[in-house]
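Dock chain Y against the given chain H, drawing on the hints supplied.
Residue numbers (our numbering), protein chains in the order written: chain H, 1 to 241; chain Y, 1 to 265.
Since the hints were derived computationally from the structure, they do not count as laboratory data. Worth double-checking, as some hints may not be accurate.
Said to hold, decoys possible - Below, in silico cross-link-like pairs of lysine-lysine (DSSO-like), each with a Cα-Cα straight-line distance of 30 Å or less:
hint : chain 1 : residue 1 : chain 2 : residue 2
1    : H       : K106      : H       : K125
2    : Y       : K156      : H       : K88
3    : H       : K180      : H       : K153
4    : H       : K17       : Y       : K156
5    : H       : K88       : Y       : K3
6    : Y       : K156      : H       : K53
What follows is each chain in one-letter form.
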Amino acid sequence: MSEPVFELRDLSSFYGKGKNRLRYLKNINLSLRQGEVLGLVGESGSGKSTLAKCLLGMVTDTEGYLKVNDPRPQMVFQDPYGSLNPAKTIGWILEEPLRAIDIKDKAERRRRVLEMIALVGLEEKHLTRRPSQLSGGQRQRVAIAAALIQGSKFIILDEPVSALDVTLQAQILQLLVDLKERLGLSYLFISHDLSVVYQICDRVAVLYHGEMVDQGDVDQVYDHPASDYTKRLLEASLALD
Amino acid sequence: MKKRNWYLTFGSVLTACMLVFIALGFFWTPYDPGALSARDKLAEPSLQHLFGCDQLGRDVFSRTLNGAGNTLIIALAVLAVGFVFGLLIGALCGYYGGAVDATVMRVCDAITAFPSILLAMVVIAIIGPGTYNIIAALGILFIPSFARLVRGEFIKYRSRDFVHSARLAGVPAMRIIFVHILPNTWPVLLSGLTIGFNNAVLSEASMSFLGIGVGPADASLGRMLSEGQSSLFSAPWCTLFPALVVILLVLGVGMVGEGIRERIR
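Next comes chain Y alone, as it looks inside the complex:
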């Protein structure tokens, strides 16, 4: 009778495969991802170099593993910053409402009104490039969307009878917010997290593509796309494989999110 949730099943499998692939890169790569080799310049995919080599003769497979790891770490860190602060702001604004809520939400509107990449570029221009700065810049940009999501949930629940009951029983407000209401919002937050994760991966890739992401020595999926575009037609493997990793990772996580939303309904 119960319809099988294909999004969740397939998405979880795909995400798990990608995570295993990326996790592998933390422990083992066939070659040093930064090692140059003039002899293998733009070498085609072969048994020695599964994904071929780039214009500096670096092994694309090793760099993809390594770059995907960097991209994942940055995306998760961005997500963590946006989620933690978004959760705190959204929960307090949603539960209490009033003038502070209205003010904070207008600030969030103002941040959201700018294209996020443009705003991140401005922030980077001010505080300078670097991995931690990227995380800070993107993290701040992710706060409003989470805050709005959490706030909406808290507005929905704050007038429920079980919250009134808790208040009548003398439960402190902070406990009502984080112990009584928050667990009810997890399904929605989880699906919001998957969307946020995808946006974070794509934002990091975009920033690195534009050359304001990770430092020149580090690999990142966005940076590889940027470096490979000059040889897009002569050596498509330089861009194809990192792009494929971005696509599959985002697709898998996106399907998990869709699956969670389907389950809530």
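So that you can see chain H by itself, here it is in the shape it has in the complex:
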């Protein structure tokens, strides 16, 4: 079997110094297989984002084993209004990650940008626009393109569709699934929306106050939740549907 995209064994993370050093994540065991979509579920403050930051190297105060096998994991953020630089054009925003990995040839950058916007379902005319001139769905497509353009295979999706309305949600989720198949990506899909997780994820992990209370295949966790917290989450989401 090929090696996992990331692997955490007994990982704890801390915040603060000295007496105020608090343990945020408690002994997490988790891994992501290649080509898999792993859902990460929990309420705000449960440690989802902290876990993502550990994987991205933004949180360094950790104990335990942490290995990420992608040289440059990328992230797609929840709010497409905040994740694109408002002062720049879409073309510039997509070229910048290429400049950052030292692709000096302008024509080569242009070629890769055009290839990428076609993949995410945008057109060349969008390149000269600014983020404020695009719709929410278009912006999220740009954010996805920017995350993929360096060729990273491991993408963290932080609530990528929760700021969009339901029709757009379905479109973006479909796009994510297509891109995964076509480019051989692996996703860590952070969400609090259990129905979205059910649609897109192969496996799911549930975090509660920094502890992992449930983990397994989506069907198994949804049908036979191991913890009371997961049960309550499921009941709450059913009540809404």
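Showing chain Y alone in chain H's frame:
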């Protein structure tokens, strides 16, 4: 539907008129601004001397043109010194934060705590008067306000997702600061620049009024006000016209600044 931005329109027109007027003074004045004429001492405004003459018989129109030019150049130079250093300090402090930021900002607080003119007088007393010294003294005093403005903007933007994205993509910190964040702060900086410009004009005028500004041979709006005050009631034109230029220039630029702020909202 869109409301017309009267501040910006009217302010731009007024500022443009004043700048044209001042620019004219660089190339042409009806008389030599320093030429004395005993015969025209305190002459009233007339067709020969549009703004009249001062107590030494110098043409007030020529001196106003010339003095406004000097005042403008000094104000712009002061603004440039304050802006460049304020921008560098503010951007680095705002982006990185931490102990250095805290220390630098306390120093800025200390500078701001003194009345600026008083502090400028102390600096001039130490390094001596003269145009370049005035620019240095006032410029240093203008650094803290710009630094604080820029720092606030950078604190606002450094935790935005587009900055996180850039970091994840491996963009170097200096590039994030000056290429990614800085362009977003221009509207705020521009309106800050207009306020700074007005303060610089008024500071230069105040310094010259107090006699620690430009040298005695040079004209400056502040110096003209100072020289004219002895004949304020007998020959009001000596002070009226330079004062009017200060007021209109500051008003115009101030309205442009207000217009920019309105547009940001």
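Hints and how they fare:
no.: 1; hint: K106(H) - K125(H); in the structure: holds (18 Å)
no.: 2; hint: K156(Y) - K88(H); in the structure: holds (18 Å)
no.: 3; hint: K180(H) - K153(H); in the structure: holds (9 Å)
no.: 4; hint: K17(H) - K156(Y); in the structure: holds (25 Å)
no.: 5; hint: K88(H) - K3(Y); in the structure: holds (26 Å)
no.: 6; hint: K156(Y) - K53(H); in the structure: holds (20 Å)
Comparing the model with each earlier hint shows no violations; every hint is respected.
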